[in-house]
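Asker: Can you build the whole structure from these sequences, using the hints too?
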Amino acid sequence: MKAKLFGLLLLLSGFAIAGTKESVTISYIEKYRDVAIREMKEFGVPASITLAQGILESGSGQSYLAQRANNHFGIKCHLDWDGKRVYKDDDEKNECFRAYKDPDESFRDHSLFLKNRSRYASLFKEDPTDYKAWAHGLKRAGYATNRKYPTLLIDLIERYELHKYDLEGFKVDVEEITKNEPDVPAREEIKSYQVNVSKNYVEYVTAKK
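For the sequence shown, the numbering used here assigns the number 1 to the initial residue and increments by one for each residue that follows.
No wet-lab data here; the hints were simulated from the structure.
Just so you know, even glycine gets a beta-carbon here, dropped at the ideal spot from N, CA and C.
Warning: the hint list may mix true and false statements.
Here are the simulated DSS-like cross-link-like pairs (lysine-lysine), alpha carbons at most 27 Å apart as the crow flies [stated by the list, open to error]:
(1) 76 <-> 148
(2) 101 <-> 76
(3) 115 <-> 21
(4) 31 <-> 115
(5) 148 <-> 164
(6) 164 <-> 139
(7) 139 <-> 115
(8) 148 <-> 171
(9) 88 <-> 171
(10) 171 <-> 132
Simulated restraints on C-beta separations [to be verified]:
(11) 34 <-> 93: 35 to 45 Å
(12) 62 <-> 125: 16 to 26 Å
(13) 108 <-> 129: 31 to 41 Å
(14) 158 <-> 93: 29 to 39 Å
(15) 124 <-> 20: 19 to 29 Å
(16) 148 <-> 126: 15 to 25 Å
(17) 84 <-> 116: 27 to 37 Å
(18) 125 <-> 42: 28 to 38 Å
(19) 142 <-> 85: 13 to 23 Å
(20) 122 <-> 147: 18 to 28 Å
(21) 130 <-> 89: 26 to 36 Å
(22) 127 <-> 64: 29 to 39 Å
Answerer: See below:
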């Protein structure tokens, strides 16, 4: 009897943990979706990819790096970083990671990190609403070492319907292009025409609008 009760308690606690994790992820999406859309409009990184990477890399904002350094994307220092730093074991012991003043700065640096590095240039040739191509492209470019990285991103995007935010980010670009197109005057409809012959026997056409 005690064994069954213990098993039931474990099962219920598992459901509780799963429910809490789900609510944390949903809250994360609601908190940062507008930031991701803004970054897509400005830099072309799909909002769905930004959100999925943030969820995965930061544990929906609960990871050590996110809490201690506002680093939501696991971006390491690299040689060109002259900002604040935090150190943590990763692929190697005591690796250097970037630290930010707030999450917004982390999201902006993520966009710049992808946009300004040549190894990610091929990503920006992809359709910005093709999140699958972007997910696989990130892995090919070496963003992560996990072989399942594209699948993990795609699963998150489809589970939480993050792709709908790509349409919001892309919509403005299309509207801007349309708005900047020169106005072309509409052609007047020609209702009928007739062929006439001049006095010197040259045919000419007159149209009635």
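Asker: The structure should be examined with respect to each hint, and the outcome stated for every one.
Answerer: Verification of the supplied hints:
Taken as a hint, the residue 76 and residue 148 pair is honoured in the structure, with Cα atoms around 20 Å apart against an allowance of 27 Å. Of the supplied pair hints, the one linking residue 101 and residue 76 holds, its CA atoms being roughly 16 Å apart against a limit of 27 Å. As the CA atoms of residue 115 and residue 21 are separated by approximately 31 Å, the hinted pair breaks the 27 Å bound. At roughly 24 Å between alpha-carbon atoms, residue 31 and residue 115 fall within 27 Å of each other, so this suggested pair holds.
Of the pairs offered as hints, the one joining residue 148 and residue 164 holds, with about 23 Å between alpha carbons and a cut-off of 27 Å not exceeded. For the suggested pair residue 164 and residue 139, the alpha carbons sit about 23 Å apart, so the restraint of at most 27 Å is met. Taking the CA atoms of residue 139 and residue 115, the gap is about 16 Å. The hint holds against a cut of 27 Å. Restraint check for residue 148 and residue 171: the C-alpha separation of about 31 Å exceeds 27 Å, so the hint is violated.
Using a Cα cut-off of 27 Å, the hinted pair residue 88 and residue 171 is violated, with the two alpha carbons roughly 40 Å apart. For the hint pairing residue 171 with residue 132, the CA-to-CA distance comes to about 19 Å; that is within 27 Å, so the pair holds. One distance hint, 35 to 45 Å for the beta-carbon pair residue 34 and residue 93, holds here, with the actual separation near 37 Å. Under the hint 16 to 26 Å, the C-beta atoms of residue 62 and residue 125, about 34 Å apart, miss the expected range.
Checked against the hint of 31 to 41 Å, the C-beta distance between residue 108 and residue 129 comes to roughly 22 Å, which is inconsistent with it. Between residue 158 and residue 93 the Cβ separation comes to about 36 Å, which falls inside the hinted range of 29 to 39 Å. At roughly 37 Å, the beta-carbon separation of residue 124 and residue 20 lies outside the given 19 to 29 Å, and the hint is violated. In this structure the supplied range 15 to 25 Å holds for residue 148 paired with residue 126, their Cβ-Cβ distance being about 20 Å.
Roughly 20 Å separates the CB atoms of residue 84 and residue 116, a value that falls outside the hinted 27 to 37 Å. Roughly 18 Å separates the CB atoms of residue 125 and residue 42, a value that falls outside the hinted 28 to 38 Å. Restraint check, residue 142 to residue 85: a C-beta distance of roughly 21 Å satisfies the suggested window 13 to 23 Å. Distance hint check: the CB atoms of residue 122 and residue 147 are about 19 Å apart, consistent with the given range 18 to 28 Å.
Here the CB-CB span from residue 130 to residue 89 is close to 35 Å, well matched to the stated 26 to 36 Å. In this structure the supplied range 29 to 39 Å holds for residue 127 paired with residue 64, their Cβ-Cβ distance being about 35 Å.
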